[in-house]
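Novice: Residues per chain, in single letters:
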Amino acid sequence: MNPTLVTTLWRQRLTSPVRVAILAALTGMPLLGVAFMPAAGLGLLGGAQGLILTLGAGMIGQDLSSGVLQLLFARPVRRPEYVVSRWLGVGLAATAVSLLQLGIACALLAGRGAVPTAQEIVMFGGGRLLESFGGAAVLALFSSLIGGFGDLGIYLLVNLGAGIVQMAGQVKQWLWLSRAGAEINAALTPTIDLMRLVTATPMPWFPIVSYASTVVLCLALAIVVINRKEFSYASG
Amino acid sequence: MPPAEPGALPSGSTRARPSVLLVVALVLLVARVAIGIYEEQRPSSVPDLVRWQPIEGAEALAREQKRPVLYDFTAEWCLPCRAMQREVFGDPESAREIEQAFLPVRVLDRMREEGRNAPEVDSLQRRFRVSSFPTLVVVPHGGGDAVVIVGYQGEKSLIQRLRAARMESMLPPGLRPPRGR
Chain A
1 MNPTLVTTLW RQRLTSPVRV AILAALTGMP LLGVAFMPAA GLGLLGGAQG
51 LILTLGAGMI GQDLSSGVLQ LLFARPVRRP EYVVSRWLGV GLAATAVSLL
101 QLGIACALLA GRGAVPTAQE IVMFGGGRLL ESFGGAAVLA LFSSLIGGFG
151 DLGIYLLVNL GAGIVQMAGQ VKQWLWLSRA GAEINAALTP TIDLMRLVTA
201 TPMPWFPIVS YASTVVLCLA LAIVVINRKE FSYASG
Chain U
1001 MPPAEPGALP SGSTRARPSV LLVVALVLLV ARVAIGIYEE QRPSSVPDLV
1051 RWQPIEGAEA LAREQKRPVL YDFTAEWCLP CRAMQREVFG DPESAREIEQ
1101 AFLPVRVLDR MREEGRNAPE VDSLQRRFRV SSFPTLVVVP HGGGDAVVIV
1151 GYQGEKSLIQ RLRAARMESM LPPGLRPPRG R
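Taken in order, these protein sequences are the chains called A and U.
Its first residue numbered 1, the first sequence is counted upward by one per residue in the numbering used here.
Its first residue numbered 1001, the second sequence is counted upward by one per residue in the numbering used here.
For the record, the hints were derived by calculation from the structure and aren't laboratory data.
None of the hints are false.
List time: in silico EDC-like cross-link candidates among lysine to aspartate or glutamate, alpha-carbon distance up to 20 Å:
no., chain 1, residue 1, chain 2, residue 2
1, A, Lys172, U, Glu1113
2, U, Lys1156, U, Glu1168
3, A, Lys172, A, Glu183
4, U, Lys1156, U, Glu1099
5, A, Lys172, U, Glu1114
6, U, Lys1156, U, Glu1093
Given these sequences and hints, build the entire structure.
Specialist: Next up, the structure:
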């Protein structure tokens, strides 16, 4: 990990007013729900998908299109180090925003006399952390494939495709097709249902292996893609 | 001159093959398929000791047995629902108390997974205006307003609220307090 690359990414994200506005909305809106419907608990905060997309969109693609990568790789920065640092940067940022949101939600719930249990807080925070790093790995792969914010397009297309496959499976009553659609959809935002992991007997290993497999595969492929790219000062 | 790192490409290059990462990814991929097949055949489950009754005919059966119906509106993805299942429905004492006091009926929402719900699930959700999970609804066997409990705030609190709802549902309709969610 290269701390300079990580902090540069954060600075880049935080100096974009559009991103900050979307982040504020995505963080604040569910908190309003928590404030007005405390009985529903932390469940109203939902997932971290929006936060990951906002923080991660164009995480590599933006540098690809702007020519920053040509300059960056002229310095002693290795390509795998660059990819891993971008992934960590987005994962850490999404986790930080998630934990901030969780903290405010807990304070709001405490104010309304509906304090979540310590286990619920830990499970929620842990789930958001896993979701943040998982989603960031998938986005790193998409972003390495295409310049600018094309990764968002790929993400939406895959999401839509998975939905169509799932629906087709349901209509045709082909369980395997429906399952394939659900798996593709789940792979877009890999996470582990910690509560299920703790409560189920025997403990299921599939979610853990599935999560680790998606994250490692996405990072490895992103590095391979970036390795294969030829950067020239004359290009573009 | 320092020795070249294993897997490194020619000197001066910023590229480096992610050999270890690729091997780990391959191993995990194989493990994923193998474990997926294994666990598909031996699914793990969250303990649940309550014998849930089918939705159809539940209220008629409750009238017959003079017990209020307890609808548990839940969803697979709902974290508090899992906690409630483990701590309340998975606890032998609480499960026994619930079975004795109510006719328990589980109403599982599949909207997120399948894009639609069974008509009877939809109809019950509309009837009790269920908008979040978990929601427990106690319907008195003698008719009248249902008691709705939204959310899960721990086993103790839930059992107390269920006991209160049971007491209330035993009162004649005219003596029950006015309802609010």
